[in-house]
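A.B. asks: If you read the protein sequences in the order shown, they are chains E and U. FYI, in the numbering used here the residues of the first sequence are 1 to 225. FYI, in the numbering used here the residues of the second sequence are 226 to 627.
Treat the hints with caution; some may be incorrect.
Short, incomplete list of chain U residues facing chain E, as computed with Cβ under 8 Å [claimed, not checked]:
| hint | residue |
| --- | --- |
| 1 | Ser488 |
| 2 | Ala491 |
| 3 | Gly541 |
| 4 | Pro620 |
Keep in mind that the hints were calculated from the coordinates and are not lab data. Glycine is no exception: its CB is placed at the ideal position from the N, C-alpha and C atoms.
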Amino acid sequence: MIELREVSRIFHVGGQEVRAMDRISLAIQPGEYLSIMGPSGSGKSTLLNTLGLLDTPDSGAYLLQGQDVTSLNDAQLAAVRSRTIGFIFQFFHLIPRLTAQQNIELPLLLAGVSRRERTLRSTPLIEAFGLSDRSNHRPDELSGGQRQRVAIARAVINKPAVLLADEPTGNLDRHSGADIIELLEGLNQGGLTLVVVTHDPEVGERARRQIRVVDGRIAADVRRA
Amino acid sequence: MRPLDAIGYGLASLGSNRIRTLLMLLAMSIGVAAVVLLTGIGNGARLYIVDQFSSLGTNLVIVIPGRAETASNTPATLVGETPRDLTLADARALARGDAVQRLTPINIGEMNIAWRGKERQVPLVGSTAPILEIHHLQMDRGAFLPEEDMEIARPVCVIGAKVHRELFGQQNALGELVRLGGFRCRVIGVLGSEGRSLGLDTEELVIVPVAFAQMLLNTEGLFRILIEAKDLGVIDRLKTHIKTTIAKRHYGEEDVTIITQDSVLATFDKILKVLTLTVAGIAGISLVVAGILIMNVMLMAVAQRTAEIGLSKALGAGQLQIMAMLVTEALLLSSIGGLIGLGLGFAGSWLAVQFYPALNATPPPWAIAAALGTALGTGFIFSLLPARRAARLDPIRALAGH
Ligand SMILES: Nc1ncnc2c1ncn2[C@@H]1O[C@H](COP(=O)(O)OP(=O)(O)O)[C@@H](O)[C@H]1O
Ligand SMILES: [Mg+2]
C-alpha cells in the first residue's frame, strides 16, 4: 500500500548538508503495525512527514495506494491527505477555542461535510473513546490523556487508510501513555495501518514490525513472530 | 468547507480575540460612517441649493449687461465688466417678444431711509410690479408697486418687515411719507417677513419703481433684467429674441450675458456633486487606513495561529482553502464593521437633520453602496497578503514552532 523507493531528503543548515533521509526504501502493507525508533535527529519525523505528504522528498519515488504522489500539486496533496492519512502529534495540536467535539469534527468541516453528517460520525467515536462527558469541554479543561484521545478521534474520523503518530506518548505520563497505545492498537486490530514514531523502547517494542533509523538510513527492520 | 461553516468558523476565531476584533470593527465602522455621513451632508447641501433655485422658477432668464468672457453661462459672468448700459428702453423693447410672460428691470443700491427723526441705511431695489410674481414675494399689508409704465418715476415704496418695525414700531406706515435719499416718497405696502431674494434679506429691503430708483441712484444703467418665459419650451426662442433685440439696439453688438436658471442650477449641481465626491473620497481614505489596520492585525493573527494553520494543512486543507478561511474572516470583519458604520452614519445624519431641518442629509444610495463596497474591497485586498503568507506556511515548521 505504501512504497518508498530510494527516497532522500537533504536539508542545508548553515552551509552543511544534513541527510535527514538517505536513499530510504520501505514498503508497508495494509493493516501493518510498525514502529520507527532511533536516536534524536536520526530522521524519524522526516520519514513520517514524508509518508504523511507533509514533506516532499528531494529524490526517489513514493507510491501511495499505487499512485505516484511525488508529482501531485498542492490541492491534490491536500485531497489525498484528507482522504487517506490521519496524523497524531506529540503536542496534540488541538485548537484551544474549539470544544472537544468541534476539534474532532475539524477534518470533516474542512472537507465540506454537512453538520448533520459530522455529528452522525463524531458521536459514536466520542462514545467509543470514552469522551462523552467531555465533548463540550475545551482542550484546557481536559487531561493530557483526554487531549490525545480527542486528537486520535480527530485523526480517524475521516476513515483514513494510515494512521501516523509522531511520539504520541512523548508528552504523557506512563499510565496515560499506555492507555493511548492500547487505543491505537485497538484501531490497528480493526484494520487500520499504524505507524508510530517513538524513542521509548517500551512503546516501540510492542509493534509487530520495528524499524530502526540511524543517520537517515534504515539500520534494522525486524518483524516479531 | 461549506460557506456557512466557513462563516461560523471565522466568527468563532474572531470571537476568540475580542479586543483585536473590536478594534478592527471600530476602525472599519468609523470609516464607513464617515463616508455615509459626509456624503449625506454634501448631498443635502446640493438638494437644498437646487431647491432654492427651483423655487425661483426654472423659466427665468436673466439678462446682465456686458459680455461674458467665457463661452458658457456660469456664475462667473455675474462679476463681468459693463461696457454698455442696459437701459429701460432696452427692457421695454425686450418686453415685446411673444415668448415673454413677464419682464422686470432691476436696479440695486444703498439708500438712507428716514421717518420722524428715525433713520437707517437699507438696500434699495428698483423694479416693477411683475417682480412680485417672479420672486414669489409676499405682501404683509398694503399694495405692491402699481402696474404702470416702467418709465414713470412715481415716488412710492414698499418696505420690508424689519424696516417697518424699526421705523414705525407699532404705528401705521401705510400712506406715510418717508425720506429716501433726497426725495420724499409714500409707503404703499409692507412685505411679508419670509425669504431671501436677489441675495438680499427681504425683511430689510425697500422696493421702489425702477425709474424712481434711477433718479435716486442717479444712473441710467440697469443692474439686470429678469424675464420669465411663457414655458420651458420657448426658452431658446426667448434667448434668440434677446440677442437680436439687443444687437439691433446696441449697434450690432450682443453685449449682454444671458443666464438661464437651468445653466446656473446645472453649474451648482455639478460643483456640489464634485464636492460631495471629494468629501466621500477623503472619508474613503479612512477606510483604506482601516484596511491597512486589518492587514496588520491579520498578519499578527497568522503569526499567532501558525500551529493552527499547519494543523489545518495536515488535516487536509489546501493552500486555497487556507487563504479562503482567512479572507472570509477579513470579509466578515469588514461587513460587520460596515453595517455598524452604516448605522452610525445614519444616526449621524438623523442628528444633523434634527439640528438643521432644512438640510435633507439622507445619504444617497450610491454612497451606501460605495461605502460598503469599499469596506469589503479593502477587507479583501488587505487580507490577501496575510492569507497568502498563511497558505505558504510549511506545515511541519508551523506545527513544530511552539
Ligand atoms: N526543516 C528543516 N530544516 C533543516 N533541518 C531539518 C529540518 N527538519 C529536520 N531537519 C534536520 O534533519 C534531521 C532529522 O530531523 P528529524 O526527522 O526531526 O529527526 P528525529 O525526528 O529523528 O529527531 C535533523 O538533523 C534535523 O536537524
Ligand atoms: Mg522527531
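A.B. asks: Next step is simple, just say for each hint if it's right about the structure.
C.D. replies: So, going through the hints one by one against the coordinates:
1. Ser488: For serine 488 of chain U, the interface hint is violated, since the closest Cβ of chain E sits about 61 Å away, which is over 8 Å.
2. Ala491: violated (56 Å)
3. Gly541: Result: holds, 3 Å to nearest chain E Cβ.
4. Pro620: holds (5 Å)
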